[in-house]
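Trainee: Line order of the protein sequences matches chains A, B, C and D. The working numbering applies: residue 1 is where the first sequence begins, and numbers increase by one. The working numbering applies: residue 1 is where the second sequence begins, and numbers increase by one. The working numbering applies: residue 1 is where the third sequence begins, and numbers increase by one. The working numbering applies: residue 1 is where the fourth sequence begins, and numbers increase by one.
Keep in mind that the hints are not guaranteed to be accurate.
Because identical chains share one entry, a pair is satisfied inside a single copy or across any pair of copies.
[Unchecked claim] Simulated crosslink set (DSSO-like; lysine-lysine; CA at most 30 Å straight-line):
hint	residue 1	residue 2
1	Lys143	Lys321
2	Lys198	Lys143
3	Lys266	Lys321
4	Lys198	Lys266
5	Lys266	Lys99
6	Lys269	Lys99
7	Lys321	Lys269
8	Lys99	Lys143
9	Lys321	Lys198
10	Lys269	Lys143
Because the hints were derived from the structure by calculation, they are not lab data. As the structure is a prediction and not an experimental result, all values here were calculated from the model.
There are 4 protein chains.
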Amino acid sequence: MAGNSFGTLFRVATWGESHGPAIGCVVDGVPPRLPLAEADIQTWLDRRRPGQSRFTTQRREPDRVEILSGVFEGLTTGTPISLLIHIEDQRSKDYGELKDRFRPGHADYTYWAKYGIRDYRGGGRSSARETAMRVAAGAIARKILGAGVSIRGALVQMGVHTIDRGRWDWAAVDDNPFFCPDRQAAQMWEGYLDEVRKAGSSIGAVIEVVASGVPAGLGAPVYSKLDADIAGALMGINAAKGVEIGAGFAAAALRGEDNADEMRMKDGKVAFLSNNAGGILGGISSGQDIVARFSVKPTSSILTHRRTVDIRGNEVEVSSKGRHDPCVGIRAVPVGEAMIACVLADHLLRHRAQCG
Amino acid sequence: MAGNSFGTLFRVATWGESHGPAIGCVVDGVPPRLPLAEADIQTWLDRRRPGQSRFTTQRREPDRVEILSGVFEGLTTGTPISLLIHIEDQRSKDYGELKDRFRPGHADYTYWAKYGIRDYRGGGRSSARETAMRVAAGAIARKILGAGVSIRGALVQMGVHTIDRGRWDWAAVDDNPFFCPDRQAAQMWEGYLDEVRKAGSSIGAVIEVVASGVPAGLGAPVYSKLDADIAGALMGINAAKGVEIGAGFAAAALRGEDNADEMRMKDGKVAFLSNNAGGILGGISSGQDIVARFSVKPTSSILTHRRTVDIRGNEVEVSSKGRHDPCVGIRAVPVGEAMIACVLADHLLRHRAQCG
Amino acid sequence: MAGNSFGTLFRVATWGESHGPAIGCVVDGVPPRLPLAEADIQTWLDRRRPGQSRFTTQRREPDRVEILSGVFEGLTTGTPISLLIHIEDQRSKDYGELKDRFRPGHADYTYWAKYGIRDYRGGGRSSARETAMRVAAGAIARKILGAGVSIRGALVQMGVHTIDRGRWDWAAVDDNPFFCPDRQAAQMWEGYLDEVRKAGSSIGAVIEVVASGVPAGLGAPVYSKLDADIAGALMGINAAKGVEIGAGFAAAALRGEDNADEMRMKDGKVAFLSNNAGGILGGISSGQDIVARFSVKPTSSILTHRRTVDIRGNEVEVSSKGRHDPCVGIRAVPVGEAMIACVLADHLLRHRAQCG
Amino acid sequence: MAGNSFGTLFRVATWGESHGPAIGCVVDGVPPRLPLAEADIQTWLDRRRPGQSRFTTQRREPDRVEILSGVFEGLTTGTPISLLIHIEDQRSKDYGELKDRFRPGHADYTYWAKYGIRDYRGGGRSSARETAMRVAAGAIARKILGAGVSIRGALVQMGVHTIDRGRWDWAAVDDNPFFCPDRQAAQMWEGYLDEVRKAGSSIGAVIEVVASGVPAGLGAPVYSKLDADIAGALMGINAAKGVEIGAGFAAAALRGEDNADEMRMKDGKVAFLSNNAGGILGGISSGQDIVARFSVKPTSSILTHRRTVDIRGNEVEVSSKGRHDPCVGIRAVPVGEAMIACVLADHLLRHRAQCG
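This is chain A alone, in the form it adopts within the complex (with noise of 0.2 Å):
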């Protein structure tokens, strides 16, 4: 399979450069017969979308989406969904010295490498913006997931601050500029990325997301687990470095004893006495909440000059001008619930084939 595809019952393909003239995907698969209007799409959209505050890039992404197909008279009909956002904020410009300088820690080098050629304008295909379609399929996964699943992400890290997991609120998640479930810490968060931000530097970020009332049974071990499917979706977000699922890299240091979640029955159902697992045994849901976490790198966009070399091989320096990023950890925060909400679509299908 080619690269810009994934999924395999519930499959999303997209397309579009930083600086086309529109991005788009097509997500085929999905059950006929689930009402869908754009305005469920756009409310995740309206989510992600950059210059909402002081913390996220200026760059104005209207980012409002069209059905072009796979919808009639509000119910999708089984063919395939295709949506697209036009793009407005192309200003010509002049992209001086990035057009053959290749930025430290962006795909800039590793494009040109691969295929000898590369749309230079705001990182091309490499750009985060192709994230919002990974957003409007998520807003579809959730659909065939229904009302009964819920997936929500939060910031729990910030540079070198963390939250205090004792005060986790999911109403606070909406009340702060960072999808921060730690009020206190949000707060403190502020004065912290304003100076990030006016040092012309960035700073990485660690989400989790949290993924209930999904059924025990989803995932296709052993090369299809649902963790493994649930790395992949969140380690090929835009700048991210680690995943985890449930204890993750913390399980290294623990005993057996320790790890392994006990199992009592309650009201008749299986009920686990704690959830170091995840939600995940062996690749396959437990019918626990799903907790993922990933880490996301500071942006290379910084105003501080970098040494570099060119495509002739010349080595120079670099730097990058006007809007920027000071975390965009922040805005990866409604992507990795989305690719995770593609996820579990997927593996819904997938065992309704199988196991019916």
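Got chain A sorted already, so can you dock chains B, C and D onto it with the hints?
Mentor: Okay, now just chains B, C and D, sitting in the frame of chain A:
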């Protein structure tokens, strides 16, 4: 796709249960005319084989691999290579309580929830025995990658103890029963793991795999990014709970100017001044060492009694008896290497297809 | 995989309904640095466009294709190419009885049976309009195959009338409204088809496609044989009912000594003395011309009243009104060429991947 | 994907060469808790086995199938089912001229052209022996389809002789060595094929497969149409040269009013008044019988000397010796049934996934 195969062009399908008559795999898409003998594969299997020290399960798995197809007069023919290992250690035994009790931390419950049936003998399909075939496939992948690419793994953390990276010595890895690159740590780990083993307990670990000599350009953005595929491949290994590339989760705490790897020219080639990226930018290999780590939880097969339920919904207790693996992370080292070899071989072929 | 994409490495996903706002496709896996402009694609679309003679539907489909991604400064970048055609001819109209009556011979009933909903406007997704995107993708496939490969189609049978192969002249194909390689037959067909058209009836056809210059070695036995993939691709064209390669069904009546194409050397190369194989042996191209034929049924949109049922289970009658296509086989010629171009491009990349 | 597997959810990977130690397959995606024993598979293999009459090759292929995984206590577990047949009839022999001469009409030359190496013993991977695994997989597919679906094949043409459809009797099929449904024709064919056999020649055939009881709604337009997948599956059978559905090539000569199958209600269900569609409309099953035919060329292994070249480019002659199959079409009957069973099982699962 069903869940028991992986890869796009270099494609591996595995089959077999822990206590069935045999396990095996079919490796398809292998380029023709590569020299391949059973001994080339056996070498790698022997590294993974349990029972080689007191620190791994004493179960005897001779694991003699047979090539049943796809090789003619010592060369691959381009047709599928079928590998098979007969299982000799199938003592007829009474599985007793394991027949209907779900071991906490195991796949017992989720296989039951998904399929409504499970082969309870030795974990059935969810057993780590299956990973022998990953190692076997990895041996073929290495042939495709050629001698210029080396893929080496090491245990960098066992339980609460991490290695001292200043003492990293690849030569040490094969001199101790832990694949530990730090001789001093390895010595200390002996006593530590003995204590864990004698207590009937177990401990997690972190494995690091480094691939050197990988050409720049491998990876298929934006959904088959090299790091995304590696993350999926490593998270799909039994007991894995976390994956990171390069700086990984530590990247969250870095600032942009510290994270992005600067570039200079060296001997007419691009040279990076650091490797926080772990050799992958924008999902494409940069030519630097690819560095991936994954965490493995402590095995849940421990001698302590644990609370659980049975298939009829009764609250019961369960414990493992006899042979147990105090640190399954040890044997995960060759498995991690193999999975990365398979991912790289697949992307090498994919890159050759698209970019010639 | 969901059903709206095809190909392994050269991968095409199409979307859109007959009377939606647009139709389009995403072509992924295209090698980088190929020159590509909208005009390169438009040329082929224009051959397929209806309304060019009185023998095809009078529906106006200007079919102006736009490239929305994947091309930069006139060259492909290796990222997905999104193509879109706005549908201009969407007269708001009353679909009357077609809204709830199943036209015999159409997909009306089966879409309803499968999805429980259908876009009844102009056939929705099942409309031949979708084939425009196949032709567009085929234009890109031809770029990958290069100038050395030519893929040409011709109508060799219309209704009961077959051509005289002794008069085959490729130059004639573009000189008549039928893509007929036999000028004399073409002349006769004018009167014949006029009669069919005026009677409000329709007629089937057989199309032959010949690919010359295809190198030996393409095809991936034993389940992606080149002929198997061609058969699937051609049978998937709207209204197709049969496919054959080389001698095809006539091979059943041949004896072994008459069927097998003997070989000699010519100019240092293998030369075959006949081509009953149609250029494919064991599922792999032999270097000879690849010769494939497919039959197309008469369109079911005819002016005669026909017995059918409606969505409520009533026995009713139905007939088509207005514009109709007396021989849909004509427009199937460029579509057949395009599908074969896509299959060959995919196998060229697959072969390069495995065999270098 | 590599070429040795097929299916999306019901997925079959086969391996093995004609004269290797074994052949086998891995069937993945099978629903759990289906009763399955080796005898269920052996039944179908026995129908295909050669050497049962003087009209098929005298090569002894006992073809005893073993189930190596995926079945526990007589039920499928949802994990991959590995099937294996040991090859017993491997007489060590001198392959003589076949070692480096390309038999006309065989895959010898194209395998050489593609891979630069070939296992010349008995045709290697291109041997019809591989089709035993298709039949084995088909046996599992039938289990998934259940008792309500019957899939039966018959030889409807042998060489120049076709059956009289007025005498069609399914009961006759198993009463003659040809799977011929017309007893009178079968009797005549004995003498005809004896003559062909004694002349050291061979003859082609046409096979018809009918699937009854298939529910309406199977098929995934527009690129995994049921007829497209059937066409690919049948054309991929060794020696196949043509495929048709329903009226097939004859549809080209029909007029619209004669071709489209009218509909009425019968016992509260839709009933078609004819079946030119062969049970498939718009790529989706209509609930009528699915009717597919494929032609098979005469085997090229004949006793007559034929002109060819060798691997060094010399012009030479070649002929087959010993055992030969005067009409390979006979054994293609159970193979055709099996392929259609596999396609239907796959689409049943795909349909259940999307449409519930």
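Trainee: Starting from the hint list further up, note which numbers the structure goes against and sort them upward.
Mentor: 1, 2 and 4
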